[in-house]
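Q: Just so you know, the protein sequences line up as chains A and B, in that order.
Counting from 1, position 13 in the first sequence corresponds to residue 13 in the working numbering; the numbering is continuous, with no gaps.
Counting from 1, position 30 in the second sequence corresponds to residue 30 in the working numbering; the numbering is continuous, with no gaps.
Take these hints with a grain of salt, some might be off.
[Said to hold, decoys possible] Pulled a few chain B residues facing chain A out of the computed Cβ check, cut under 7 angstroms:
(1) Ala70
(2) Lys71
(3) Ser81
(4) Gln130
[Stated by the list, open to error] Derived lysine-lysine pairs resembling DSS-like cross-links, with alpha carbons at most 27 angstroms apart:
(5) Lys71(B) <-> Lys87(B)
(6) Lys291(A) <-> Lys48(B)
(7) Lys86(B) <-> Lys127(B)
(8) Lys276(A) <-> Lys131(B)
(9) Lys120(A) <-> Lys291(A)
(10) Lys71(B) <-> Lys48(B)
(11) Lys291(A) <-> Lys127(B)
(12) Lys86(B) <-> Lys71(B)
(13) Lys121(B) <-> Lys228(A)
(14) Lys228(A) <-> Lys276(A)
(15) Lys71(B) <-> Lys131(B)
(16) Lys48(B) <-> Lys131(B)
(17) Lys110(B) <-> Lys228(A)
(18) Lys87(B) <-> Lys48(B)
(19) Lys228(A) <-> Lys55(B)
(20) Lys71(B) <-> Lys276(A)
(21) Lys110(B) <-> Lys121(B)
(22) Lys276(A) <-> Lys86(B)
(23) Lys276(A) <-> Lys48(B)
(24) Lys127(B) <-> Lys71(B)
(25) Lys74(B) <-> Lys276(A)
(26) Lys276(A) <-> Lys79(B)
(27) Lys86(B) <-> Lys74(B)
(28) Lys228(A) <-> Lys79(B)
(29) Lys87(B) <-> Lys276(A)
(30) Lys291(A) <-> Lys372(A)
(31) Lys120(A) <-> Lys48(B)
(32) Lys55(B) <-> Lys87(B)
(33) Lys121(B) <-> Lys87(B)
(34) Lys110(B) <-> Lys55(B)
[As the list claims (entries may be wrong)] Computed far set for chain B versus chain A, every beta-carbon distance over 12 angstroms:
(35) Gly52
(36) Val75
(37) Lys87
Quick caveat, the hints were computed from the structure, so don't treat them as lab data.
Backbone N, C-alpha and C fix where the C-beta goes; we use that ideal spot for every residue, glycine too.
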Amino acid sequence: MCTKYFRLSVLALGMASAFSASAQSSDGERLKSLEQKFGQSLAVIEQLQKRIVELEQAKSGGAAGAVASPVVSRVETLEKSVAELAVSASKGSTDVGLPLHGFLDAGYASSSGTPPAYDKSGFRLGTFDIYLTPQLGDRVKGLVELAFEYGSDGGLGTDLERLQLGYVVNDNLTLWGGRFHTPYGYWNTAFHHGAQIQTSITRPRMIAFEDQGGILPSHTVGAWATGKIDTSLGRVNYDVFTGNSDSMRDGTLDYNASGFSSGTPALGFNLGLSPKSVPGLTFGLHGVTEKINSYDASAVFNGQSTLQVTGAYAFYESDNWEVIGEYFSFNNTDNFGNTGSHQSSAGFIQAGYQLGNRMTAFARYEKADLNKRDPYFSLMNNGATNFGSSYNQSTIGVRYDLDPRSALKLQLEQITDEGNANQTVNWVRAQYSVRF
Amino acid sequence: MKSSAQKFLFVTTLAISCGSWAGDVFVIAHPGVNVAPDDVRDVFVGEKQLDGAVKLVPMDNSAAQADFLAKVVKVDAAKYSTLWAKKGFRDGVNPPPMRGGDAEVISAVKSTAGGIGYVTKAPEGVKVIQKY
Numbered sequence: 001m002c003t004k005y006f007r008l009s010v011l012a013l014g015m016a017s018a019f020s021a022s023a024q025s026s027d028g029e030r031l032k033s034l035e036q037k038f039g040q041s042l043a044v045i046e047q048l049q050k051r052i053v054e055l056e057q058a059k060s061g062g063a064a065g066a067v068a069s070p071v072v073s074r075v076e077t078l079e080k081s082v083a084e085l086a087v088s089a090s091k092g093s094t095d096v097g098l099p100l101h102g103f104l105d106a107g108y109a110s111s112s113g114t115p116p117a118y119d120k121s122g123f124r125l126g127t128f129d130i131y132l133t134p135q136l137g138d139r140v141k142g143l144v145e146l147a148f149e150y151g152s153d154g155g156l157g158t159d160l161e162r163l164q165l166g167y168v169v170n171d172n173l174t175l176w177g178g179r180f181h182t183p184y185g186y187w188n189t190a191f192h193h194g195a196q197i198q199t200s201i202t203r204p205r206m207i208a209f210e211d212q213g214g215i216l217p218s219h220t221v222g223a224w225a226t227g228k229i230d231t232s233l234g235r236v237n238y239d240v241f242t243g244n245s246d247s248m249r250d251g252t253l254d255y256n257a258s259g260f261s262s263g264t265p266a267l268g269f270n271l272g273l274s275p276k277s278v279p280g281l282t283f284g285l286h287g288v289t290e291k292i293n294s295y296d297a298s299a300v301f302n303g304q305s306t307l308q309v310t311g312a313y314a315f316y317e318s319d320n321w322e323v324i325g326e327y328f329s330f331n332n333t334d335n336f337g338n339t340g341s342h343q344s345s346a347g348f349i350q351a352g353y354q355l356g357n358r359m360t361a362f363a364r365y366e367k368a369d370l371n372k373r374d375p376y377f378s379l380m381n382n383g384a385t386n387f388g389s390s391y392n393q394s395t396i397g398v399r400y401d402l403d404p405r406s407a408l409k410l411q412l413e414q415i416t417d418e419g420n421a422n423q424t425v426n427w428v429r430a431q432y433s434v435r436f
Numbered sequence: 001m002k003s004s005a006q007k008f009l010f011v012t013t014l015a016i017s018c019g020s021w022a023g024d025v026f027v028i029a030h031p032g033v034n035v036a037p038d039d040v041r042d043v044f045v046g047e048k049q050l051d052g053a054v055k056l057v058p059m060d061n062s063a064a065q066a067d068f069l070a071k072v073v074k075v076d077a078a079k080y081s082t083l084w085a086k087k088g089f090r091d092g093v094n095p096p097p098m099r100g101g102d103a104e105v106i107s108a109v110k111s112t113a114g115g116i117g118y119v120t121k122a123p124e125g126v127k128v129i130q131k132y
């Protein structure tokens, strides 16, 4: 088909040229004059060519060797200059300045029943999150993230989400220092405040941010080694980190930006395998341990627990599917009241299926079975919040991508929360999110 | 006359379009770069950042991106954009800059230590890593 049309195009081009020639045939005399001038010009060119040949012949002979040396030297100097300019130009072309990216979202939520104190019905501003990814050298890089968000009390919170300085040792190892998203499971580092890249509107509550009901530290100030190793089975991804142990202040985890309060560091790991045999799948194990001091609303010390979490996670992504599952097993020790060890568990699974090019339907089930006798959880319930309570939640929703950078989402939830008098509360949420 | 010109334009556009559907993609690199063909995808999704001591500088080509993504990265442009949004957010890696065509890519690859890009025709003066 292409050959046929190509021939037709050539034919059309010929016809167009013929039309053009026909239009000019009446200017015969002018053409004749031009031909004469062209002939004269050719004669001049021939004379010049002859003169050049004569000059070159006169220059050749004994003088050639004497002239060659300075010419070669000048050429070499010029080559060196060009090489230097190329190096200089290459440095300029890799300098991408200070790339700025970010996320914005706004939405609406409405509940039936009595929602917990930290979640209200109505229109809401989401998060304005900006992050910078400066490339400070061939191996040195930075990541700075600022988040602005309104809390349920209407107050504007500003948070230096991340302040990381990294060094790329090689393709298998990158070292980071600073404040980073605690690397457990998949969700916390993959999405975090990136509402637009997250399929659903909300995070699973068990991995909510610390000030929104989270029972796990989602930020750490410390050092983090991350990388991957290719093996015959597939790619092994790993994270190992250490940092300041959190404190609990009036029921909310605090990542302690300026040193330990319990005297011991937090430690954690995340180890995953992306098998060659199942492209798109990653599964692995994770763990976090730290000693956490608790303080009441008056900053009076009221407890210390050793948080010990281990678990597993899996993530699968294909052209149409996105499946994420995470499981956490707690074995916390009460170091203050000496009530011993307490076991709890929490987990979620979310599946999303892309319908056509823009629509994705998703569903999630999450359940937390948290031991009320564990002071780590009981101290999170301070009367104003019911963080740290057992719950189960079912979520369904749809996401519509207006374009690759913006999405509309609608989500229905049903949550039964022990900390909210075991009430079942239904939520409808809508969100418009963009990234830039 | 007008009709002939319209047909000519249509047929020419179609002929050019047919050519670009089945376009070859040549992955090219600065002479000092030694990247294996199997690693090209990793370079363009931010998983491979170094070639020995040399920082790799991948660059996209607006004239050949669709073919390159389909043949090498195995995603469409929307998923490629999302993939980089996630990668940049998690790992602080910046996506390849977009160049305006073969000439711009060739010029940038030649003058950039660690430069690696892709073009629609086999060029001279740069290393061809793989033809797709």
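Q: Tell me the hint numbers this structure goes against, listed in increasing order.
A: 1, 2, 4, 6, 7, 9, 11, 13, 17, 31, 33, 35, 36 and 37
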